[in-house]
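I would like the entire structure built from these sequences, with the hints used as guidance.
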Amino acid sequence: MDETSLVALGPAVTPASPLSPSKVWCSVRTPESSHEGLITDPHSPSRFRVIGSISNSREFSEHFHCPPGSPMNPQHKCEVW
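Numbering-wise (UniProt numbering), the sequence shown opens with residue 1 and increments by one.
It is worth saying that the hints were derived from the structure and are not from the lab. Yeah, the Cβ is synthetic: ideal placement off N, Cα and C, and Gly gets one too. There are no misleading hints in this set.
Using C-beta positions, here's what the derived DEER-type ranges look like:
| id | residue 1 | residue 2 | range |
| --- | --- | --- | --- |
| 1 | Gly69 | His35 | 27 to 33 Å |
| 2 | Glu62 | His35 | 32 to 38 Å |
| 3 | Pro68 | Pro42 | 29 to 35 Å |
| 4 | Glu36 | Glu59 | 31 to 37 Å |
Structure follows, in structure tokens:
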């Protein structure tokens, strides 16, 4: 999601919104940089940090009306607390 998309969402993107992790981990990497990151960075790639957390968020799927079973609203969600 690019910055224009986030601006277009207006009040949906607040510090408490389901999209707030995407603001922290937003990045653009070349294929070479992504490959190097996989080898040298112990953290998961930014893309998966964002998609993984918001696709497992009930608040996100409810707010954006994601169909049950879709990639952004999987039937089985990982919940930590």
